[in-house]
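Chemist: Below are the chains, spelled out letter by letter.
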Amino acid sequence: MKTKTTLRGAMLTTSAILISAGAALAEDYTRFGIKEDVPGACSFASIDAKDYSGRTLNIITHAIPVIGEPTALHAQQFQELTGATVNVVHVPFGDLFQRIMIPFQTGQQAYDVLFFASLWLGDFNAYLAEVPQAYQEVSGMQSVTPTYKGVASWNGKMLNYTMDGDRHYLKFRSDVFDNPEMQALFKEKTGRDLTVPATWEEYNEVAAVFNNMDWDGDGAPNFGTAEVTKRDDLMFSAFISRVAPYAKHPDVKGGFFFDLETMEPLVNTPGWVRGLELFVAAQASMPPGGTSFGLGDEIFSFGGGQTLMSYSWDDAFIQAMQADSPIRNKVAAAPLPGAREVWNRTTGQWDTFETPNTAPYVTWGWSSAVAAGSQNQDMAFDYLCFFSNEANTLADLQIGRFGVNPYREAHFDPAFYQTELGWDANVATTYTDTLKAIDGGQNQVFDLRVPGVGEFMSSLAAGVARAQSGEASAQEALDGVAAEWKAIVDRIGVDRVREAYANVVALEDN
Amino acid sequence: MYRQKYIFLLPGLLVLVAIILFPLLFTIRVSFSSWDVYNPGLNWIGGENYARLWEDARYWEALIRLTFLTVATVTLQYTLGFALALLVWRDIAARRFFRVLFLVPMMTTPVVMSVIWRTIFHESLGPLNPILEAIGIDAQPWLSDAGFALAAVMIVEVWQWTPFMFLLLLAGLLSLPNEPFLAARIDGAGPIRTFLSVTLPMMGAISVGAILIRLIEASKLMETVYVLTSGGPGTATETTSYYIYIRGMRDFQIGYSASLSLTYLIVMSVALTLIAKALIRLMVKDRT
Amino acid sequence: MRTFYLSLKYLAVVLWSAFVIFPFLWMLSTSFKTANAVTAGAKWLPWVQFEPSLAGWQSLFGGVGGINIVKPYLNSGIVTLSGSAIALVLGTLAAYGLSRFTFKAGPLGNGDITFFFISQRIMPPIVLAIPFFLMLRFLGLLDTLPGLILIYVAMLMPIAVWVMVDFFNSVPRGLDEMAWMDGCAPVTTFVRVILPNAVPGLVVAAMFCVIFGWNDFFFAFTMTFTEVQLLPVSIVALNSSVTPWWSLSAAAIVSVAPLAVLAFVVERFLSRGGLAGAVR
Numbered sequence: 001m002k003t004k005t006t007l008r009g010a011m012l013t014t015s016a017i018l019i020s021a022g023a024a025l026a027e028d029y030t031r032f033g034i035k036e037d038v039p040g041a042c043s044f045a046s047i048d049a050k051d052y053s054g055r056t057l058n059i060i061t062h063a064i065p066v067i068g069e070p071t072a073l074h075a076q077q078f079q080e081l082t083g084a085t086v087n088v089v090h091v092p093f094g095d096l097f098q099r100i101m102i103p104f105q106t107g108q109q110a111y112d113v114l115f116f117a118s119l120w121l122g123d124f125n126a127y128l129a130e131v132p133q134a135y136q137e138v139s140g141m142q143s144v145t146p147t148y149k150g151v152a153s154w155n156g157k158m159l160n161y162t163m164d165g166d167r168h169y170l171k172f173r174s175d176v177f178d179n180p181e182m183q184a185l186f187k188e189k190t191g192r193d194l195t196v197p198a199t200w201e202e203y204n205e206v207a208a209v210f211n212n213m214d215w216d217g218d219g220a221p222n223f224g225t226a227e228v229t230k231r232d233d234l235m236f237s238a239f240i241s242r243v244a245p246y247a248k249h250p251d252v253k254g255g256f257f258f259d260l261e262t263m264e265p266l267v268n269t270p271g272w273v274r275g276l277e278l279f280v281a282a283q284a285s286m287p288p289g290g291t292s293f294g295l296g297d298e299i300f301s302f303g304g305g306q307t308l309m310s311y312s313w314d315d316a317f318i319q320a321m322q323a324d325s326p327i328r329n330k331v332a333a334a335p336l337p338g339a340r341e342v343w344n345r346t347t348g349q350w351d352t353f354e355t356p357n358t359a360p361y362v363t364w365g366w367s368s369a370v371a372a373g374s375q376n377q378d379m380a381f382d383y384l385c386f387f388s389n390e391a392n393t394l395a396d397l398q399i400g401r402f403g404v405n406p407y408r409e410a411h412f413d414p415a416f417y418q419t420e421l422g423w424d425a426n427v428a429t430t431y432t433d434t435l436k437a438i439d440g441g442q443n444q445v446f447d448l449r450v451p452g453v454g455e456f457m458s459s460l461a462a463g464v465a466r467a468q469s470g471e472a473s474a475q476e477a478l479d480g481v482a483a484e485w486k487a488i489v490d491r492i493g494v495d496r497v498r499e500a501y502a503n504v505v506a507l508e509d510n
Numbered sequence: 001m002y003r004q005k006y007i008f009l010l011p012g013l014l015v016l017v018a019i020i021l022f023p024l025l026f027t028i029r030v031s032f033s034s035w036d037v038y039n040p041g042l043n044w045i046g047g048e049n050y051a052r053l054w055e056d057a058r059y060w061e062a063l064i065r066l067t068f069l070t071v072a073t074v075t076l077q078y079t080l081g082f083a084l085a086l087l088v089w090r091d092i093a094a095r096r097f098f099r100v101l102f103l104v105p106m107m108t109t110p111v112v113m114s115v116i117w118r119t120i121f122h123e124s125l126g127p128l129n130p131i132l133e134a135i136g137i138d139a140q141p142w143l144s145d146a147g148f149a150l151a152a153v154m155i156v157e158v159w160q161w162t163p164f165m166f167l168l169l170l171a172g173l174l175s176l177p178n179e180p181f182l183a184a185r186i187d188g189a190g191p192i193r194t195f196l197s198v199t200l201p202m203m204g205a206i207s208v209g210a211i212l213i214r215l216i217e218a219s220k221l222m223e224t225v226y227v228l229t230s231g232g233p234g235t236a237t238e239t240t241s242y243y244i245y246i247r248g249m250r251d252f253q254i255g256y257s258a259s260l261s262l263t264y265l266i267v268m269s270v271a272l273t274l275i276a277k278a279l280i281r282l283m284v285k286d287r288t
Numbered sequence: 001m002r003t004f005y006l007s008l009k010y011l012a013v014v015l016w017s018a019f020v021i022f023p024f025l026w027m028l029s030t031s032f033k034t035a036n037a038v039t040a041g042a043k044w045l046p047w048v049q050f051e052p053s054l055a056g057w058q059s060l061f062g063g064v065g066g067i068n069i070v071k072p073y074l075n076s077g078i079v080t081l082s083g084s085a086i087a088l089v090l091g092t093l094a095a096y097g098l099s100r101f102t103f104k105a106g107p108l109g110n111g112d113i114t115f116f117f118i119s120q121r122i123m124p125p126i127v128l129a130i131p132f133f134l135m136l137r138f139l140g141l142l143d144t145l146p147g148l149i150l151i152y153v154a155m156l157m158p159i160a161v162w163v164m165v166d167f168f169n170s171v172p173r174g175l176d177e178m179a180w181m182d183g184c185a186p187v188t189t190f191v192r193v194i195l196p197n198a199v200p201g202l203v204v205a206a207m208f209c210v211i212f213g214w215n216d217f218f219f220a221f222t223m224t225f226t227e228v229q230l231l232p233v234s235i236v237a238l239n240s241s242v243t244p245w246w247s248l249s250a251a252a253i254v255s256v257a258p259l260a261v262l263a264f265v266v267e268r269f270l271s272r273g274g275l276a277g278a279v280r
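Chains as they are written, first to last, in full-length UniProt numbering: chain W, 1 to 510; chain A, 1 to 288; chain P, 1 to 280.
Any given hint could turn out to be false.
Listed next, the stretches of chain P that the computed footprint assigns to chain A, with coverage defined by at least 3 CB atoms under 8 Å from CB atoms of chain A [to be verified]:
{"no.": "1", "stretch": "77-84"}
{"no.": "2", "stretch": "255-269"}
Residues from chain W that face chain A, not an exhaustive set, calculated with beta carbons under 8 Å [said to hold, decoys possible]:
{"no.": "3", "residue": "201"}
{"no.": "4", "residue": "230"}
{"no.": "5", "residue": "292"}
{"no.": "6", "residue": "425"}
{"no.": "7", "residue": "426"}
{"no.": "8", "residue": "452"}
{"no.": "9", "residue": "466"}
{"no.": "10", "residue": "494"}
{"no.": "11", "residue": "498"}
Source of the hints: derived by calculation from the structure; they are not laboratory data. If you're wondering where the values come from, they're calculated on a predicted model, not measured in any experiment. Beta carbons: idealized from backbone N, C-alpha and C, even for Gly.
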């Protein structure tokens, strides 16, 4: 089940937090599939010392395998070590919100530990327990990058327990980009050199040139771009990735989705409209059915070698890098494309950028929390701390389908992916460089973590879908969304939304 | 002895009322509140939700779309179900095998089958387009074109629920008395005239019942839409139930979705009553 | 001419059979695939076109990174059968009452009461989630089998009433009246005389109850937490970010199997002609 590792030495030098001298003498926990226990407050040894027999821990998590499988695996281990009974229920993403929210709102204590999308923090915060100081100080939490600590906090309190890091980035077929024939073809058609797209205009251009041709020589046509385009299936997230560089001006503070002062929606400003127009234009370079791709389809399309480029979370990249994948080591990662023209809403005009403006979108991210109403908070936090201890995380990172992605400084070392996962140097380096650039990047964009985020996003997705299908122009569609957003803000309460959105803006404008 | 009649009706009626009364009253009450993701509770906002609903073009468009989808699929199911029932009614070999086979689609779990159908309609990885190409038809944009997406939803509905019609109509056919058919044969009536003047009139009552129930069930079409198209492209396949799902479970606008549901309940009850009357007049001759 | 008609008939039957079977064959084939076999495009034949794998099936029976559907299978069986049985008993009694006697409640008559039963199925279930949740919470029945059975009774009874009213309407009233004249009370008449004649109708009603109960997802999903899981809920626990075509295909086959057996039972009753008027 777990990759047996042989290059123990290389591992040690790569991970500063791995201090194994003392652990060598302790009990052997490698039977749990880890390489070795890492001493700390939540290590295998520390958890082993606790006795929770006779108590029950109820956990709700995502469907198997992404996050769901590690949840179950560590629950099983936790049960063995502490004697507690741990129940886990797995729920598909589309149904997770309501399954958590109904018990919350009706005052029913249903689950102790919850795994969910961190953008729901604006809705859930009232029902979550703060992470106790002691757990914030464990080594595993101390080494979480500031970006992901920020994502876990609400009004200065840490309410989410960080156990994963997620973001959107660009994935492309390096074998095509490096192929001289393809480079020549591209030059011939466009008059410029084939480079990794630095703007979304370039992205669309590259996608169009390599669309509907058999560039991998397998007899079947290949296509330009795979994107999440299916309404109500996380399409909003893909759309925001495309919009961000046009609408997030590095010098304009005070909000990306709304103007924080007036709480006027910005979704129909020219930067957003440009992003949508390019999203709509890219449809011509998508594979058959690509205009109704859900996340699963996008993963299969890029991960299966059908398309040249894609952007979203890690899954498609990991799928492409599976040991038995036909395109293993033929892919590379890069930060999301940027924009040379950025809308400046204070001056009301387009500003031109010599170096394309980038706006890394730190989207969604699996996170976890403990319910405020839980009678088992001690055990619940121990479980989460154990889930994300250094030994477990290093093992989980190696299993692509687990969906646990880098979120600690130590995870951004390319050597780890080369030695443990057998990635080519180029793949590993572009991957970690990309993640580092996003994590430490300027001009970040975060999810709209306010009460009613579901309403805002389903309204946005419906508007974008109207433009995609040609029912409305980009401007009309987004004007409609802006009107709906105003109504939602009025219903939920403008001060309430502003107060919540201030938290997000604080992350962006720091 | 008629005093005992309540022994029959009341247990079922009371149990049903007991189970459904609170949810129904609660829903009515909620529809006058602004219960949402932030304010769980029964505040009173008067008819605000209903006013909003009145102007909600997406809801009414979805209702019109649903009407079209429902009428079209149920008509198809009825026609096909009747045809199939006639086919395996008599003189065909292995008819018992075919009868069982034709029933099975109804027994699959919709929530799982819709995912399977999505794989079938998948335009580059699914089996449908290669098969079409093999018999000389071009690949089609099953889920990414408005018309085809509607067709895809209808195909799934027809596949899954034609068996329902088939079963009821076959049962009806098998229970028909023989005499009218003998009489028709003596008159020298051909198969088409026999069907129109003998079979169809006798199948009237059962047809009305089957059509009404299917109309009710088909109108709740939600899961298939969610998985196949999420209501897209654009809003091309958005049905009322799916829209209520989006507002209720995704947006968590519990108050508003309650008002949507109650309006839907009223519209449907009125429509079904009218349809039932019309169908009975049209199809049932000997109704007392 | 006659042969021509007959061959047309066979052609139609074969075409429809192909349409019915096609998704099942595709599921069967897909259930042995891996991600690589799926992304290689539509393939049908294991070994010839793709390397088969048992992962999809193993994931249903406690394999690595899977679920174990044995307990959900039993739970689903218990809930479906008890819910259907209760709904059937209550529904049959009510249907008999509605068929044989006249009820008046103000302006409302039998037809309206029957419509009331059936109208319970009009409401979209989504909106009932929270009230049902609150009700079960009040009764302490959340996340329990009895709680689900309670909801299923309400959900399935309308179907039973609808089928049985039509059925009893087609059973000659003379049967009842003869028994009454012999001095039987209505209840005795119902049990001794009418019920034995109603078995085929009960079979159809039971089949519909079981189908709708077994395949319900929404209530089974909303009214439970971690303790009680029904089959459809535990199957979709495998529907993650990467859509696992293989395990969902295997699951679809596994979950339809017991009901397909039901199809044989129903067909037996049909062929005996025993269903005479079952649904008139």
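Chemist: When the structure is checked against the list of hints, which entries are broken? Sort them ascending.
Modeler: 1, 3, 6, 7, 10, 11
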